[in-house]
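If you're matching them up, the sequences are chains X and Y in order. Counting from 2, one number per residue, gives the positions in the first sequence under the numbering used here. Counting from 2, one number per residue, gives the positions in the second sequence under the numbering used here.
No wet-lab data here; the hints were simulated from the structure. All residues carry an ideal CB built from backbone N, CA and C; glycine is no exception. Hints may contain errors.
[What the hints assert, rightly or not] With the C-beta cut set under 8 Å, the calculated list includes, among others, these residues of chain X facing chain Y: (1) V111; (2) P185; (3) R187; (4) I299; (5) L300; (6) V365; (7) K408; (8) G413.
Number of protein chains: 2
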Amino acid sequence: MSIQSTIMEMAYNARTVSKQIATCSSDQKNAALFKIAEKLKQNASLIQNENKNDVHLAKEKGLSNAMIDRLTITDATIASMIQGLQEVVQLPDPIGTTSASWTRPNQLHVSRMRIPLGVIGIIYESRPNVTVDAAGLCLKAGNAVILRGGSEAIHSNQALAKTIHEALAETGLPEEIVQVVPIPDREAITWLLHQEEYIDLIIPRGGESLIRFVVENSKIPVLKHYKGVCHVYVDDGADLEMAEKICFNSKVHRPGVCNAMETMLVHENIAKRFLPVMGKRFSDAGVEIRGCAETCRILPKSKPAKEEDWPEEYLDLILSVKVVEDMNFALEHIRKYGSNHTEAIVTQDYSRAQKFLKEVDSSVVLVNASTRFNDGGQLGLGAEIGISTSKLHAFGPMGVEELTTTKFIVLGEGQIRE
Amino acid sequence: MSIQSTIMEMAYNARTVSKQIATCSSDQKNAALFKIAEKLKQNASLIQNENKNDVHLAKEKGLSNAMIDRLTITDATIASMIQGLQEVVQLPDPIGTTSASWTRPNQLHVSRMRIPLGVIGIIYESRPNVTVDAAGLCLKAGNAVILRGGSEAIHSNQALAKTIHEALAETGLPEEIVQVVPIPDREAITWLLHQEEYIDLIIPRGGESLIRFVVENSKIPVLKHYKGVCHVYVDDGADLEMAEKICFNSKVHRPGVCNAMETMLVHENIAKRFLPVMGKRFSDAGVEIRGCAETCRILPKSKPAKEEDWPEEYLDLILSVKVVEDMNFALEHIRKYGSNHTEAIVTQDYSRAQKFLKEVDSSVVLVNASTRFNDGGQLGLGAEIGISTSKLHAFGPMGVEELTTTKFIVLGEGQIRE
Chain X
2 MSIQSTIMEM AYNARTVSKQ IATCSSDQKN AALFKIAEKL KQNASLIQNE NKNDVHLAKE
62 KGLSNAMIDR LTITDATIAS MIQGLQEVVQ LPDPIGTTSA SWTRPNQLHV SRMRIPLGVI
122 GIIYESRPNV TVDAAGLCLK AGNAVILRGG SEAIHSNQAL AKTIHEALAE TGLPEEIVQV
182 VPIPDREAIT WLLHQEEYID LIIPRGGESL IRFVVENSKI PVLKHYKGVC HVYVDDGADL
242 EMAEKICFNS KVHRPGVCNA METMLVHENI AKRFLPVMGK RFSDAGVEIR GCAETCRILP
302 KSKPAKEEDW PEEYLDLILS VKVVEDMNFA LEHIRKYGSN HTEAIVTQDY SRAQKFLKEV
362 DSSVVLVNAS TRFNDGGQLG LGAEIGISTS KLHAFGPMGV EELTTTKFIV LGEGQIRE
Chain Y
2 MSIQSTIMEM AYNARTVSKQ IATCSSDQKN AALFKIAEKL KQNASLIQNE NKNDVHLAKE
62 KGLSNAMIDR LTITDATIAS MIQGLQEVVQ LPDPIGTTSA SWTRPNQLHV SRMRIPLGVI
122 GIIYESRPNV TVDAAGLCLK AGNAVILRGG SEAIHSNQAL AKTIHEALAE TGLPEEIVQV
182 VPIPDREAIT WLLHQEEYID LIIPRGGESL IRFVVENSKI PVLKHYKGVC HVYVDDGADL
242 EMAEKICFNS KVHRPGVCNA METMLVHENI AKRFLPVMGK RFSDAGVEIR GCAETCRILP
302 KSKPAKEEDW PEEYLDLILS VKVVEDMNFA LEHIRKYGSN HTEAIVTQDY SRAQKFLKEV
362 DSSVVLVNAS TRFNDGGQLG LGAEIGISTS KLHAFGPMGV EELTTTKFIV LGEGQIRE
């Protein structure tokens, strides 16, 4: 069978079984999630053996240590997949809830009932744990899902798929609710992106080039973020000790992720007090600073920032720093170079905090807290399927509810339009 | 200037002023809406003169009477545009409201604040009143808007644009908040659909071919419905008098619109009682019936329905009718031929009503009411900008709130991630 036919058949089957999972009870869905967790435990050594194949091939291909690290399924990876599923079980089931209701003057009773989106396609890179995490969230939200992981993880993902299918079968649910594309060729992605008749939403997770490829080729709506060029603005009304803690955490806690700070903006009134202390802490942590002229005067060891530094997502221990005349310049800088992902202000000034919250056009805007909190788990949505910086449907971290929509329910007693 | 440059400049300008309208107070926005209404009254004869040009050219081109009717701006059209704006003023302003809020265990306070989408593009056909209605709704929701009406309405739309610009200028708002594309060529639409950097959402309104053109060419997310193949299922538990009223209203009240019934499904137990009465009423109203074999037996004057009748949106006094063994066959028929738009059941049976509501995958599902209620105004959303049958972002009629999204607001006191 051609790649095109295989993918079309998968998409068609997903659409077919999506009707079934859409009307499953919470108990049935939770039973399936528990069963997947149980099977992961039982099949752990099978999964890890298949994963060894992938890791072996990845090493032969000369993949970076960081990539091999992400690819490897350790005992801890299995345990964390199981824990993730258990957490998803605990989440409230959004399906069937009514989010609003009202009565019209003609006594029609109108409400909005939450329903699944239908079929979701997830396209991701090397981490095989996404296979289980994403499958769990989609299933909880009553959707069928087609997963397409990185070609380098194909053995691991097929072993995980087998495990999930065993669990679904034992729970009496069709296996096609969770399908993993068995084809390593990129052509499979292109065909997947053309199944607009059967797939309702595509979520790509990975580097910017994968995401751009998906957006450019998709006939299906895509929820994504390209990058996170996150800013912290340290106002002259800031508690500087707090600012130090927040900036350090935003940059250094996990520099390789999308919600890490990439640019620090500092009010000129406090730059001479704040930058030397902050610069020392960053320098001790191995952070390279690329500063504006004023920053370089205050911190002579900094590299001068070039124009291309401001829109850059380093994903590394590198930070661009700019001294600004006041908050309006900070807002202007964020408008020009930001990525609508995550922005924070550190200040004790009430009005400026309010203005920053109102005017910054980012999916998460924080006052006096680390940018690292832009995360579904941290913000209380439960597990997250990704972060969206496009405004349609979802803006920010996406949890189970973002994998659903609402339909209108209208209860009448014979009303007609006059 | 080339068409491409003109459109790019319009999109760039819309993006620029969108920051300003996004943070306008409700009072400012309402003042602008009032002023547009006032100017429409003042400029009525100018607008109607320009409209006469369009109508004259349309007649020369031999456009149908129905199209010329839609194109003509009568005194009543002006009055209804003014009334529409006044109603939009009365709607609550969604911007800046917080739709949920909670506190995390670490005392971070999280909420979701409603914000505008940014820049919206509306592509529509002949009715010039859409220019004013859509501009009003987008402005209320804090968005900039680019409008592209049908080429046959270009003089009317430019006169309306001039009127809106005068009103915006007198309210102290930039004219670029509402822009009307002055280019009749279809190339202008194609370029508009490529401004993904500046435009957040495209809403096409018109016939299926326009909508398919937009979807196929757009790099920007599109909210749309292709067609409304709406069903009423008359259950054997129905109050047959009520069923008669509802089916008649659903088909005959305004047959040319998307929420009119196109197929009636009738339970076999009541077909022999219901169809003769209903058939008589339809026949008196000039409705042509295309029936399944059983329907043709009961109503011998019906035409036999062909397979291609079932997915057909007639938009006319034509109705396909099928007798079904029970509700499950009705549900199956709707799954196979429906367009996820509007479906109604007429029944007094509680369990079947519940099952129908739960299982039918349409943007509006009704019990004992006319399909004609799938309309933003009728359902209480205020004016509507269109109806979506795609599930992402909005499913069903879209009012002001559907032209917005939410961002996360996080208030901390120095919290960092450990």
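Here is how each hint holds up against the structure:
Hint on X/V111 holds. Least Cβ distance to chain Y is approximately 5 Å, under the 8 Å limit. Checking X/P185 against chain Y by beta carbon gives a least distance of about 28 Å; that is not within 8 Å, so the hint is violated. Look at X/R187: its Cβ only gets to about 21 Å from chain Y, farther than 8 Å, so that hint breaks. The beta carbon of X/I299 is not positioned within 8 Å of any beta carbon in chain Y (closest approach about 24 Å), and the interface hint is therefore violated.
With a cut of 8 Å, the hint placing X/L300 at the interface with chain Y is violated, because the nearest CB-to-CB distance is about 23 Å. Checking X/V365 against chain Y by beta carbon gives a least distance of about 4 Å; that is within 8 Å, so the hint holds. Contact between X/K408 and chain Y, as hinted, is supported at the beta carbon level, the nearest pair being about 6 Å apart and thus within 8 Å. For X/G413, the suggested interface contact is upheld, since its CB lies about 3 Å from the closest CB of chain Y, less than 8 Å.
The structure does not agree with the numbered hints 2, 3, 4 and 5 stated previously, though it agrees with the rest.
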